[in-house]
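Protein chains in written order, with my numbering: chain A, 1215 to 1297; chain B, 37 to 235.
Rather than coming from a laboratory, the hints here were simulated on the basis of the structure.
A hint or two may mislead.
Calculated cross-link-like contacts (lysine-lysine; reagent style DSSO-like; alpha-carbon spacing at most 30 angstroms) [what the hints assert, rightly or not]:
hint : chain 1 : residue 1 : chain 2 : residue 2
1    : B       : K173      : A       : K1222
2    : A       : K1288     : B       : K142
3    : B       : K113      : B       : K54
4    : B       : K216      : B       : K142
5    : B       : K142      : A       : K1222
6    : B       : K176      : A       : K1222
7    : B       : K176      : B       : K138
8    : B       : K209      : A       : K1222
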Amino acid sequence: MTSAHKVKITYCAECGYEPQTLDLAKALMLEFGARLSCIELIPWDGGTFDVSVDGDVIHSMTRDGGFGDNAAIKEAVRARLPA
Amino acid sequence: MTIDRARFDQGLTYEAFKEQMTRNRDHFEANEQQVDLNTEDLAAFRALPRPVKVVVLAEDWCGDVIANLPVLGRLAKESGKLDVRIFLRDQNDDIMQRYLNKGQFKSIPVFVFFDDAFRELGHWIERPASVTEVRAKRRKDIFAAHPEFGSPDAPVDQLAEDVRVRLQAELVKMRHDTTKFANAEVVRELREIATRVAA
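Chain A on its own, in the form it takes in the complex (with noise of 0.2 angstroms):
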């Protein structure tokens, strides 16, 4: 049985974090594939760069500092992903 499993990205479109999020959404889409349902980029501003699976923020600029690991954050969604 499949479960669909979603993960928003929301970036400052306005302080350039483009390459860290086409980055992370890139190294999402070959570490899951057609495990995630969706991958979606929420463009927005005021210096935002928070990840979410299933609505449970697993990284947050604000909270945690700077863009996060790549690879903690792909183990963040395993995490959360069936076996």
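Since chain A is already given, all that's left is putting chain B on it; use the hints.
The following block gives chain B in isolation, referenced to the frame of chain A:
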């Protein structure tokens, strides 16, 4: 790292910076047109005893650069007393390291004012604190008036797309409505620094 004449001359002129922009130039030039300089402020800059040199750190993707560098550009153009040279932040880290915001953050724009002998008169980073404060208050008011936007501290990705779009529109309108105040605050703070130049 110190700024001297040779380093200063390596910077881009205001027009050259605009020419090399790869994005946001239309927005930048629209902001330039909207800057409303009052007679008293302009007179203070025109009355400077000699031109002041201004080193700028900027990038064309930064919202605060797009908002605030045009204010400096208009002051320079209309006073004839500011000699501006712009350095791209990501190619000039030695300058950036000297002007980190709170000693930590590579916030831009940075405007550093120098006299003829390249003695620093003062520097200015990102945006006035008063602008940050007013916009934070207005942002709180928007959330208070629209319960559907949820908590101002909650991640926006939890909002339904149509609600998020409405929130974004409210925030854009708020920034637009506070632009005149913001520009006046930038001018006030830059005037205070530039007029430190000795007669």
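* Given the hint that B:K113 pairs with B:K54, does the C-alpha gap stay at or below 30 angstroms? -> 14 angstroms, holds
* To do: Please work out if B:K209 and A:K1222 have their alpha carbons no farther apart than 30 angstroms.
  => Holds - the C-alpha atoms of A:K1222 and B:K209 are around 25 angstroms apart, at most 30 angstroms.
* Taken at face value, is the distance from the CA of A:K1222 to the CA of B:K142 at most 30 angstroms? -> The given pair, whose Cα atoms are some 26 angstroms apart, holds under the 30 angstroms limit.
* Straight-line Cα separation of B:K216 and B:K142 no greater than 30 angstroms? -> 26 angstroms, holds
* Taken at face value, is the distance from the CA of A:K1222 to the CA of B:K176 at most 30 angstroms? -> 24 angstroms, holds
* Are B:K173 and A:K1222 close enough, with their CA atoms no more than 30 angstroms apart? -> It holds: about 28 angstroms lies between the C-alpha atoms, which stays within 30 angstroms.
* Asked: Given the hinted pair B:K176 and B:K138, is their alpha-carbon gap at most 30 angstroms?
  -> Judged against 30 angstroms, a Cα distance of about 25 angstroms means the pair holds.
* Asked: Does the structure keep A:K1288 and B:K142 at a Cα separation of 30 angstroms or less?
  -> Given pair A:K1288, B:K142 holds - Cα atoms ~27 angstroms apart, limit 30 angstroms.
Consistency note: the structure conflicts with none of the earlier hints.
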